[in-house]
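These protein sequence lines are chains A and B, in that order.
Residues 0 to 323 (numbering that gives the first Met the number 0) are what the first sequence spells out, left to right.
Residues 0 to 342 (numbering that gives the first Met the number 0) are what the second sequence spells out, left to right.
Please note that a few of the clues may not be correct.
Stated by the list, open to error - SDA-like mimics (lysine to any residue), calculated; alpha carbons at most 25 Å apart, straight line:
#	chain 1	residue 1	chain 2	residue 2
1	B	Lys228	A	Pro21
2	B	Lys325	A	Glu29
3	A	Lys192	B	Glu316
4	B	Lys166	A	Glu29
5	A	Lys179	A	His164
6	A	Lys192	B	Tyr315
7	B	Lys166	A	Gly73
8	A	Lys32	B	Asn160
Keep in mind that the hints were calculated from the coordinates and are not lab data.
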Amino acid sequence: MTETTYREALRQALTDSMRRDPSIVILGEEVGKYGGAYGVTKGMLEEFGEARVRDTPISEEVIVGTAVGAAMTGLRPVAELMYVDFVTLAMDQLVNQAAKIRYMFGGQIGVPMVLRSQGGTGRSGAAQHSQSLEAWMMHTPGLHLAMPSTVTDAYHLLMHALTLHDPVVFLEHKGLYTMKGELKPERALPWGKAEVRRKGGDCTLVSYSRMVHFCLDAADSLSKEGIEAEVIDLRTLHPLDMDTVSESVSRTGKAMVVTEDCLTAGVSAEISARIMEEAFDFLEEPVLRLSGEDIPIPVSPELEKGSVPSVDRIISTAKMLMRR
Amino acid sequence: MTDQQEKQQALRFFRQLVRVRIFEERVSELFVQGGTAGSMLHLSIGEEAGAVGVMGAMREGDGFTTHHRGHGIFLARGADPKKMMAEIAGKSTGYCRGKGGSMHIADRGLGHLGANAIVGGGISHVVGAGLTYQMKHHGNAAVAFFGDGAMQQGVLYESMNLSALWKLPVMFVCVNNEYGMGTRLDHASASLEFEKRAETFGLLAAEVDGIDVFEVYNQSKNLLEDVRKGNPAFLKVNSYRFHGHARMDKSPYRDQQEEEEGRKKDAIAFLRDRIVKSGWYQETECDAIVEEVKQEMDEALNHARNAADPGADEMYEDVFDPQTTKPFPVDSRIRESLHLPQA
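Could you put the whole structure together from the sequences, leaning on the hints where they help?
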């Protein structure tokens, strides 16, 4: 096993996939000479050349639209949007085109593309560079949605995304790129399967992406106070593995969903509704949702931290759930 | 071109133009009888030469996308009118098994990468197709068809820029019918010199009168030669939309005199006149072609009427590749929640 970073694991997945599959091309703003705004594609231009690692103008709609057209005709494009906030400029191509083409055309033509982007807080990017917009993608039938939290998942989920026959939105977290971890070479869990990151019998914390680490830190502290929390990492939001969640809740009877996206009509709303539907008989308390505040993300580092769940708030909320 | 070759070409074009016109008339009948799926049906009568002329210059292996007024373009590509009509009626024998309809018809085999109901929505897809051709299928071209309405959409200019920057084999074809729904072009566009816009991005550009299918064909052929070498191009075909925006639109925003004048821009009458005056065919022989086409399109209409609806379960198919994931029906979820047996 080797230790590497989340960023390098992503680059390794892209590199290994491109060596295997000549139809893969990367396109996006600053992906070539600059090496990616967060350095993920650094050095790839040198290995694969300008034909396969393509710098684009700042034209988000045509970046995604070109990827759609290329995917329809035999390439496997990886389009990169520098910030997920910029997906607003390409929403027609993602929502009306990529997600619906297989269906509208009666299954004749698939769109095997990966849209890589990153979101979340942590760098004082303010309201237009810090959002978590995964609920929009989750709300759109026809899209796979992966949100890796670990180095191993960054690698294996991206490797897997590059073998699927439908569009995959692959959302990284800007706060995880420098995170170090072991890259386990064997294939991780199957696509669409959640992973129990920590076992515990008192309550279930459901999360994904960076918030998984916050939940794990919180769970360590809670353990010192005699509360054993189970932490589930969803890994992909489509497909959504509710079986693992329901099984856990059937043992703990208490569930809390922790997400960085804003609360209203967000991912935690969907997960908690599903827990209510699928594990109603086991619930001892209402399902709690600890998510981002319903506000634009402020630039002040202190306010930014307060706008999304923190380790301390996960601890205090879990204690409330446990009536402690 | 020898006189004999020109005659053969003229007769081919004449049949194609008539096929588009009569197909659209039959679709219109189907609509009036309540046989089409949905209320949004956009006829291309008056725009036949743009479809037939450009398509005549395209080759096997080329790809294309169309706007929502694209029946004629697909038909000119060689589409089966039965499968087209069935799709427009939302039937299981249609090109998209009744899931797309008039505005989302497509066929991988004929290179039709899809009609699009978002104005400008399919334009950037030909940039991607052009990229594929540049990398894997050198010599093929990708063509985007759209109306004058899309000339005011930003994605067109993103697409022109990227095509020119990357030297992609892409042609942008604006079928100008003077109206974006009910808004006349000069109320929507500050400048009508569309070729200049394309030239600014480094594209080859031409304008052609859509009354003359030969002119459209020749211009397209010339441009496509350069396009295949990696010089993207823009072509504006000027025509007039004979009828309303959609079938129910009676065009209250334009007066009778304008419509009468506009409908004189009739590519079929124009070519027929040339065929007869050149002595290639007599009037009766032209009539015979029209009759043959009517019969063909009547058969298509009957096929669509009698074809089966898609099965109820097909609703959940084709959202994803069947090997991966399938939507879970709402009713099944409710029954699971209440521990009731599945229906």
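Now the hints, each set against the structure:
1. For the suggested pair Lys228 of chain B and Pro21 of chain A, the alpha carbons sit about 23 Å apart, so the restraint of at most 25 Å is met.
2. Only pairs whose Cα atoms come within 25 Å are accepted, and Lys325 of chain B paired with Glu29 of chain A is rejected, the gap being roughly 36 Å.
3. Distance hint between Lys192 of chain A and Glu316 of chain B is fulfilled; the C-alpha atoms sit about 22 Å from each other, no more than 25 Å.
4. With a C-alpha separation of about 20 Å, the suggested pairing of Lys166 of chain B with Glu29 of chain A holds against the 25 Å cut-off.
5. As the CA atoms of Lys179 of chain A and His164 of chain A are separated by approximately 31 Å, the hinted pair breaks the 25 Å bound.
6. This hinted pair checks out: Lys192 of chain A and Tyr315 of chain B have alpha carbons roughly 22 Å apart, not beyond 25 Å.
7. The suggested pairing of Lys166 of chain B with Gly73 of chain A holds, with an alpha-carbon distance near 19 Å, which does not exceed 25 Å.
8. Only pairs whose Cα atoms come within 25 Å are accepted, and Lys32 of chain A paired with Asn160 of chain B is accepted, the gap being roughly 20 Å.
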